[in-house]
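Using the sequences plus the hints, can you model the full thing?
Those protein sequences? They're chains Z and U, same order as listed. Just so you know, we're using the working numbering here: the first sequence kicks off at 1 and counts up by one. Just so you know, we're using the working numbering here: the second sequence kicks off at 353 and counts up by one.
Hint data in this document are derived by calculation from the structure and do not stem from the laboratory. Every clue listed holds true.
Chain Z stretches covered by chain U per the calculated footprint, using a threshold of three residues with CB under 8 Å from any CB of chain U:
(1) 62-72
(2) 116-124
(3) 133-140
(4) 285-295
(5) 302-314
Cβ pair distances, simulated, as ranges:
(6) U:Trp-591 <-> Z:Arg-317: 51 to 59 Å
(7) U:Ser-354 <-> Z:Gly-286: 52 to 60 Å
(8) U:Gln-462 <-> Z:Gln-146: 33 to 41 Å
(9) U:Phe-463 <-> Z:Thr-240: 28 to 36 Å
(10) Z:Leu-96 <-> U:Phe-463: 42 to 50 Å
From a predicted model like this one, the values you see are computed outputs, not experimental measurements. Cβ coordinates follow ideal geometry from the N, Cα and C atoms, glycine included.
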Amino acid sequence: MSAPATMPVIERGTATSRTAAMAVAVIIALLAIAPQFLSAGAVDRMTALFIYVILAAMWNALAGFGGLVSVGQQVFFGLGAYFAIRLADAGLNPFLALFASGFVVGVVSIPLSLFMLRLRNGEFAIGMWVIAALTHLLVNLDRLVQGETGTSLISLNVYDAGTRRATIYWLALASMTALLAILFGLLRGSTGAAIRAIRDNEDAAASVGVRVTGTKRLLFVLAAFGIGIAGALWLATSITFQPKTYFNVQWTAYMIFMVLVGGIGTFEGAILGALVFFLIETWFGGTGVWYLVGLGATAVVFSLFLPRGLWGTIEERFGLRLLPVGYRVRLAAASADDDATPQQTTKHQEKA
Amino acid sequence: MSNQIIQGILLGGYYALIACGLSFMFSVMRIINLAHGSLAVLAAYALWLLASRFHVSPFVGLLIVLPLMAAIGWALQRFLLERSARGGALLPILTTFGLAIVIDNLLFEQFGADTRSLAPYIGSLSYDSWEWPGSIYVGKLAVVMFATAIVLLGGLQLFLTHTRLGRSIRATSEDPDTAGLVGVDARRANAIAAAIAMVTVGLAGAFLGMRATFDPYAGAPQLLFAFEAAVIGGAGSLWGTLIGGIVLALAQTLGAQVHPQGFLIGGHAVFLVVLFVRLSASGLGPRGLLRLGKTS
Chain Z
1 MSAPATMPVI
11 ERGTATSRTA
21 AMAVAVIIAL
31 LAIAPQFLSA
41 GAVDRMTALF
51 IYVILAAMWN
61 ALAGFGGLVS
71 VGQQVFFGLG
81 AYFAIRLADA
91 GLNPFLALFA
101 SGFVVGVVSI
111 PLSLFMLRLR
121 NGEFAIGMWV
131 IAALTHLLVN
141 LDRLVQGETG
151 TSLISLNVYD
161 AGTRRATIYW
171 LALASMTALL
181 AILFGLLRGS
191 TGAAIRAIRD
201 NEDAAASVGV
211 RVTGTKRLLF
221 VLAAFGIGIA
231 GALWLATSIT
241 FQPKTYFNVQ
251 WTAYMIFMVL
261 VGGIGTFEGA
271 ILGALVFFLI
281 ETWFGGTGVW
291 YLVGLGATAV
301 VFSLFLPRGL
311 WGTIEERFGL
321 RLLPVGYRVR
331 LAAASADDDA
341 TPQQTTKHQE
351 KA
Chain U
353 MSNQIIQGIL
363 LGGYYALIAC
373 GLSFMFSVMR
383 IINLAHGSLA
393 VLAAYALWLL
403 ASRFHVSPFV
413 GLLIVLPLMA
423 AIGWALQRFL
433 LERSARGGAL
443 LPILTTFGLA
453 IVIDNLLFEQ
463 FGADTRSLAP
473 YIGSLSYDSW
483 EWPGSIYVGK
493 LAVVMFATAI
503 VLLGGLQLFL
513 THTRLGRSIR
523 ATSEDPDTAG
533 LVGVDARRAN
543 AIAAAIAMVT
553 VGLAGAFLGM
563 RATFDPYAGA
573 PQLLFAFEAA
583 VIGGAGSLWG
593 TLIGGIVLAL
603 AQTLGAQVHP
613 QGFLIGGHAV
623 FLVVLFVRLS
633 ASGLGPRGLL
643 RLGKTS
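So this is what it looks like as structure tokens:
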């Protein structure tokens, strides 16, 4: 092969993705100083947005990359809030309790994964829902929670409202950034190849020696940990803990909506979906029931007609990569025009 | 105590009713319909509307609602499930979950948060009971419900084994491509199976409304009960569903004895124990828990 001009080039980053990486750094820096300029209400809304991004990214990690659709992820959201209450009640600093709680949720999810990951598809989905329903009932039995009456994270009240708001904002921003970075690192590393192989075809992946169960467990625990932190952060913003609100299947409905609309199985899609959801909630959240009908109907329409979501469609149409987690092959002969086929996104269509 | 056991067994009839449609649809189309419970509640509301607005007895109302449910099932398969099943095994979960959210919230929009019941429209049946030896009182409605479950399960079984249509549905569930080769129209078989499943859902909705109260968001617990009963009943015949329903109801009854909040906990707990034992025994193929037996 003496003619390097005909050698295909394998690359990860493109010019666009290098610009995007810079943009991400700038955006995070801007977000970090934003509370100086934003109103109290806006800071609260932004905190909610960060939590939505976490939820979407974590559900996407499980469903989009692990092929595990769960409708019981509210169990980790509720447990995140519950353990934070418990740890704070035991005397831990409330801010510290938020993260300690995430770790506890992650640890709890390990034995759960041994059991639940043996279920397939719909059985796993609804089995997780049973777990969520049972956990909700058991949390209700805790005297501290007082059934559906609930309780509050009172120890947070020692901080004045301004400090509290800004601290929670930064914690949410930091959690979101860290969790996205972990997921990004995971997807780019050697595990990432395994994860995408499983996403595309589980049986084929197993046949070439991918540790399917171990990889799925990793995603399951990561998602539990992330959603647990999201639940604890939500508790910090709203102070009160009513089990019914936190263990509500609506949280999973939101996650599904965000990921379906944004683009299931794409890293950027979950973030885009959270942003779309955030805007829809800001504009239409006040319409109550019709807003929920709209969310459900949109999810149905996307799953039927645009199953790759907004980002998946954009990616396919324009070959655009902002935060590449895979590789692509560019044939040097065709290097003049930069439209080599994006390899890693061709999703395998499973037979039903 | 023996009184509670009998009540529990009879309640199991209701769970078998709501579960049989779920496991039937799963065994034929490999789809777990997450809107299952919501559709049962929809049927209950339809009957309630007929009874309260037009003074139609719920039993007569079934003559209108069941064909309607069959039509809904047919449309569901043709327009939603068929399309989403082409996108893989995961997509139908999302589609039907979205559908459940739409149904629940539309019901809320239409009927508000009030709990409703069909009990006021079925006369004395809702509270009449027979006295059995040993001063055990069994509600007539509970017995009717249990008898309906047995007739329905038996009828379904006979239909699947002894009719041409039933055999073509079973052939499709085994292998749609091969069934197609021998002249079975898989699309038609699936749509008919979905219609049949929705008729059972309509019946379950009727009994849900008669034996208890319901509200727009009552679908989710019904879905969980149906799933639990179907899984506990396990692979085997449709009769397994009846056993599953009875076990679930007995565990709930027992749970309620132990603790005031123990009713639901008992049900979920027995489900997980059965699941755990079954997974540990590992007699399961990769095809899962809900599959009906090949021979039915």
